[in-house]
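Undergrad: Spelled out, the chains give:
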Amino acid sequence: MGSSKKKRATDSTFDNNNRHNNKVKEHEIYLCRCEEITEDEIDKAISEGARTLKGIKKRVYAGMGLCQGRTCSKLITQKLAQKVPKEHILPDTQRPPVRALKIREIIGEKDS
Amino acid sequence: MNKNADVIIIGAGIIGAAIGYYLAVKGKKVIILEKSDLAAGATGSCDQFVVLQSKIPGIHLEIALESANLYKQLVRDLDQDLEYHASGGMIVIENETELKVMEERVAKQCSGGLNVEILDIKEAKKIQPELSEKLVGAVYCPSDAHVSSLKVTEAFLKEVAKKGGEVYNFTEVTDLIQDNDEVKGVITPRGEFRGDYVVNAAGVYAPTIGSMIGLEIPIKPRRGQLVVTEAIPEFVSQVTLSTKYLAAKHSPEILDNVSTQSKELGVGLAMEQTQKGNLLFGATREYVGFDNSVTREGILEIIKNAVAIYPRIKHFHVIRCFAGLRPATPDGLPILGSIDKHAGLIMAAGHEGDGICLAPITGRLISDYICGDNLAFDLEPFSIKRFLN
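So the sequence lines, in the order shown, correspond to chains A and B.
Numbers 1 to 112, taken from my numbering, label the letters of the first sequence in order.
Numbers 1 to 389, taken from my numbering, label the letters of the second sequence in order.
Hints were generated in silico from the structure; no laboratory data involved.
Yeah, the Cβ is synthetic: ideal placement off N, Cα and C, and Gly gets one too.
Careful: at least some of the hints might be erroneous.
To be clear about the criterion: a stretch of chain B counts as covered by chain A if any three or more of its residues have a C-beta under 8 Å from a C-beta of chain A, and this derived list gives those stretches [said to hold, decoys possible]:
id, region
1, 31-42
2, 300-308
3, 315-324
Just chain A, with the same shape it has in the complex:
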């Protein structure tokens, strides 16, 4: 029961594997580093109709990782700008917390 068929990003990080082919693709350009989403995957999402940062996120999960798009959103905006006037590209919904917060800090427990 404890061993799952699922391949988790973290499990694979510990295995030195990447989520796709058990192997980091050496010559790929990664735009979203947290979720390991490549430039090619972003281009494909745009060719499939994504026109907003949210649309990219819903299709390939870019911007959903630890940094919440703080690094990749500008790069992806540049990509979207090939299809959409840049001034029409809105930032994705900003949600709390701004920085990752430990749960025990949120409920007011002290570190032991």
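Place chain B on chain A using the hints.
TA: What follows is chain B alone, placed relative to chain A:
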């Protein structure tokens, strides 16, 4: 641009996409119109459960069981990883009052054909070692599963396009075209789209579509707030709900020893670990109109509630909180099927938090209904008639 199709579907959430898919499989030409982008509403801001044991014993559970079977078929038929895992699921029991309620419920569910059993906390911890030992026990159901609502929606829409259907994002329906009382099509800024049937799968916006022809649809947005942690190695192997979650959903009278604030917010645990390793947990159930912001009180109550059930989550980091609006009906069942006074218009909305679970069966039933094929279930219990008098 004016276009014709057999069926016009309003909404590219998981429900509209499922209906489009099953119609396209039957050879119908469909056009799906979406005011924003795919999965922009409840579909894209929810948990990822296909949970059977949270359904009300009776017709609700029956259609959920059939929907779960359809998911197994979809995993084979759709050309995309749906992140579907039939890993089983638990509903934790926190006190003796809850235990009594769950014993009755489990008996009914067993006679409804669902494989569920009550475990004491020791047995439950064998399956889910991170559970708090202070719990009384858990109801275990091996058929509960989880799936990516985003991937399912995307896969449905791709199949629609492959089979000759069309999907228009950023195309808001601004009016319905009527001939006498028969709905013939829709008007959008892109032009008119006409079809033999128009399906209202607009989720929380379904009442807006209804109001265009003076039809009152009793669906209200109900907010659910959720918390996402950083990706961590396997922590929970299954979907976990709490009895309080069910109570907030169907029967608030179960909530005995719960703080007023938590009760008002409708807090109950729903937790899972995504394929990428993030813990995703919630949730609240609040009627606050179309406000989809997160609140300090809501998030705090969700976290306190979750820590009581899985104490070790204290050590993980929250990377995001979010909220989604679920299309809720007064009795918790969706509104499906035709409407007496408005031939041509078909309802398929109001699934609240069951949309992911019930999408395949909804797509199947609505497509069978439109094509005049045999229905696996009578649509009468889901008719909008139950609210009109």
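Undergrad: Now, for every hint given, state plainly whether the structure supports it.
TA: Comparing the hints with the structure gives:
| no. | hint | in the structure |
| --- | --- | --- |
| 1 | 31-42 | holds (count 4) |
| 2 | 300-308 | holds (count 4) |
| 3 | 315-324 | holds (count 8) |
Checked against the numbered hints above, the structure breaks none of them.
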